[in-house]
Structures are given as C-alpha cells and as structure tokens.
Amino acid sequence: MKNKASVVIIGGGVIGVATAYELALRGVKDIVLVEKNTLFSGATARCGAGVRQQWGTEMNLRLSIGSVKRYETLAEELEYPHGIEFSQTGYFMPVYSEKQQQQFEKNIILQRKFGLDVQYLQPNECRSVVPIVSLDGLMGAAYYDKDGYLSPFHTTAAYAGAAIRKGVTIEKRTEVLGFVMENERIVCVKTSKGDIFCDTVVNAAGGWSQEIAKMAGVHLPLISERHQILVTEPIERLFRPMVMSFTHGFYTQQEPNGPILMGVGDPNEPKGTNMDHSYHFLHTVASLVTSVLPAVGKARVVRQWSGLYNISPDKAPILGLPNEVNNMFLAVGFSGHGFMVAPMVSEITAQMITGEELSIPEARYKLDVGRYDRGELIVEPSVV
Amino acid sequence: MNLKDDNTIVCRCADVTVGEIKEIIRKGYTTLDEIKRLTRAGMGQCQGKTCRNLLLQVIANELHVPVTEIELSRLRPPSVTIPLELLAKEDGNEE
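Going down the list, the sequences are from chains A and B.
With positions in the first sequence counted from 1, the corresponding number in our numbering is that position plus 1000.
With positions in the second sequence counted from 1, the corresponding number in our numbering is that position plus 94.
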C-alpha cells in the first residue's frame, strides 16, 4: 500500500468515491481512498435510491437541483456503458392536514422560484398520478415529475471506475485506526494496512464519521440511527412515482422491473450502528403503506435490510473544516439524503480543497459545523 | 450445469449469465455482496436459494481459490415470502 498521499479520503460510499473523482478531475495527484469494507457497502448500498428536488430550504434546493442536473448526463461523463439507471418518474407527497397543505404551498412558491414546476394536486387529481392511492382523508398532494431515482451501486461504480482511470488508488478492506496529529493537522492516517502520510484528509465515513472525527479530537454533533427497508417480489405496474407521506413517515416506490420498495423511520429507534432486521418494522411499514395504497397488499415481501442515517441537528449536511483540525474536510451528516446530493457535495468538497470558487458560494459559511455554535441552523421542514 | 460456458444462466430470477459475473469480478468486484448489487443476481424471488452456490463457484474459479475461502453475504429475512396484507394484520410484536 502507498505510504504517502496528497489526499486520503475515508469512506467508499458515493460521497467519498465521487469526491475522489472530483479531485482527480481537478488535477490532484496521489489520492488514496480507504474503505473498511467494500465500495458501496454502507448507507449508499442500503438507501432508497430516490432523488428528490422538492425541498423546503434554499440550500437543500440548490444541492439537489445541481445534483439532478449532473445525474442526467453522469453516465456519459464517467464513460460508464452500463448506465446508472437514472429515471425521472417523480415524487408524489400526499397531504392529510391543513398545516401540511400550508407548508407544501409555501415550499412550492420557493421551489418555483428555483425553476421547479411542482404541482399541487387536488384530491380528485391525485389518481391521475397514483391510480391506487386511497382517497381516505386525502387533501391533495405535491408532485414533481422530474424527481426520480437511480442505481446507487452503478453510480458509485461509475465514479470509482473514472477515478481509478484518473490515477486514484482505492484501498478496500482498509480500516482507519487513528491519526498522527501535529499542530492541529493530521500528518498521518494509521490504517489496518499501514500508515499513510498525507497533506489533507476527507472524512466521508457516513454512519461512522463522528467516530473518525473523534480520532482527530473533533466532536461532531452527529448521531447514527438504523433505518429499515423491505422489497417485494415483482408485480404488475401499480404506480410510478415515489410516494412519500410525511404524515405516516414512509416512502415507497415500484421499481421499473416490478418490485416495490418501502421504508419507514421508527421514532423509538435507539441511536447507534446496529444494522439488524426487525419484525416490528415489517408490520409497521406494511400497515402504513397498505392504508394509503391498499392494492400493494397482495405483493409478497422477499427481503428486508437496514442501513444507517447519519443525522445532524438540522438534518442538513456538514461540509468544510472543523475548528479544531486544519486539514480534515468533512462531508458528513446527510441525515438520510446523501445519495441524492452526492454530485454537488463532492464537487464543493473538491473545490474547497483545491481553493477554487465554490459552485454554491454560501456553502462555505452556511454548511460548516460552526453553524451550530452560531445558532444558524438550516431547518428543513420536509424530511422523513 | 456448465460453469465454464459464459452463456450459462446462473441467476434465473434476474437472468444473469456466467459471463456477466466474470466481467464484474475482473473489474475488481469480487465479493458476493458486490456482485449481487451490480448484477442483481440473488436479489429476485428465490433470494439466492438457486444461484448462491453457483455464484460462489464462479468466484472461486475466477480467483483460483477454494470455494470455502469466499466470504458469504448476509442472509436476509424473511426466509419465505409473505404478503404485505398479512403482515399488516399481525399485531407487530417480535414474538
């Protein structure tokens, strides 16, 4: 293994791998990415794969709109013949209360300012988009047809292939054990396969990012939390968009070849890195989803799995440098929506490292970890 | 079953051939989990009950190691398929 690098990236999920590519694209040499397991083995592999632009804050809108734009042509850019399976079938978010309706109407005004043609559907219009939706208590829905989903596996593999061709070294099965610090800088990353002396470190360790930060003496206000998903056998086409209910807390989508995927958060989930399965989840998500989409009840569950949300206090990402260490760039705290903003986040992180102007200039002073001390939170009203 | 023939179908649920598996392995994705995620082999109705042993054999052949040295992937519940409407009716207790 190389024992010297300009940049060591910790984490082989989409954020780490895309950041490696963005740095190499900017001419940075001697980049080493270390991953304790295999590529796309953590939250990237376990996410719901949706990409949503219907957000309620300017920052999340900028991050997601820029990312979707990049995803539209990413397979060509990365010369990945298989493609990344990007499909824009929309997000449908049903409304069940007046408060929710007001919030969505407010969001839509903001979203339209950013050029998104989001629709507010009346109850009688909802079935033209989701024919199987129950009208029970339904007061309407927000719908945007350019939201969608893509393969997290192929997206990460596409970034990895392009990064490797540009000279990036990827070390799988390589766990970070600690750092050697000098004058508030990391000078060496100690791994299970040996030491790597380096100028810069990127912490993109997802559910383990706060543990990595702690090794450098940095306290990050993050918690990791298990979230579970199930998938059914393929059945005939019942609905196309992602259906995401803030009232029930679930999201569900039918994949192009027929399986239906669904997930729900558990308000009583203890924090930690437990990734076991629970029967309780199967029952909960089945009850909630069939109450809104009764026709999916006949689909048979084939598999369930879990992954980690890495949750920040305002559920928005943390980027840039912490106060305590001058060369550990953070790309953490995505709170369950890292995959959908990976292109913008990795581009901005690479720009911060190379000292370029940022694609979103405000990111430097709005997404830094210092915002929590200053009390300048980015409070996102639309998260499940 | 002839695993030397690239056209042999290893995963019948997702229609994946020996040749496709080998191509992924040669790109450096050598574990059962990586292969499953990139080809969908083992993600279908049978959940790998048919293809898992065959996949392990293809990996072992490509890497020139005994099949016993290949890392297994996690078996995920449920072990038989269950309709969502049945799960919704249950009381949700773990026992």
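If you are wondering where the hints come from, they were derived from the structure by calculation, not from laboratory data.
Careful, some of the hints might be misleading.
These stretches of chain B come out as covered by chain A in the derived footprint (C-beta under 8 Å, 3 or more residues) [to be verified]:
hint, segment
1, 117 to 125
2, 128 to 138
3, 158 to 172
25 Å max Cα-Cα, derived DMTMM-like pairs, lysine to aspartate or glutamate [claimed, not checked]:
hint, chain 1, residue 1, chain 2, residue 2
4, A, Lys1172, B, Glu184
5, B, Lys121, A, Glu1175
6, A, Lys1069, A, Glu1376
7, A, Lys1172, B, Asp109
Using N, Cα and C, we set each Cβ at its ideal position, and we do this for glycine too.
Agreement of Lys121/B and Glu1175/A with the hint, judged by alpha carbon distance not exceeding 25 Å: holds (22 Å)
25 Å Cα cutoff - pair Lys1172/A, Asp109/B: violated (29 Å)
Cβ contact check, 8 Å cutoff: the segment 128 to 138 of chain B against chain A, three residues minimum: Holds: 5 residues of the segment 128 to 138 of chain B have a Cβ under 8 Å from chain A.
Lys1172/A paired with Glu184/B [C-alpha distance capped at 25 Å]: Distance of about 42 Å is beyond 25 Å: violated.
Coverage of the segment 117 to 125 of chain B by chain A (three or more Cβ within 8 Å): Per the Cβ count (3), the hint holds.
Straight-line alpha-carbon gap Lys1069/A to Glu1376/A, limit 25 Å: violated (28 Å)
Verdict on chain A covering the segment 158 to 172 of chain B, criterion of 3 CB contacts below 8 Å: holds (count 3)
In this structure, the earlier hints numbered 4, 6 and 7 are contradicted, and the remaining ones agree with it.
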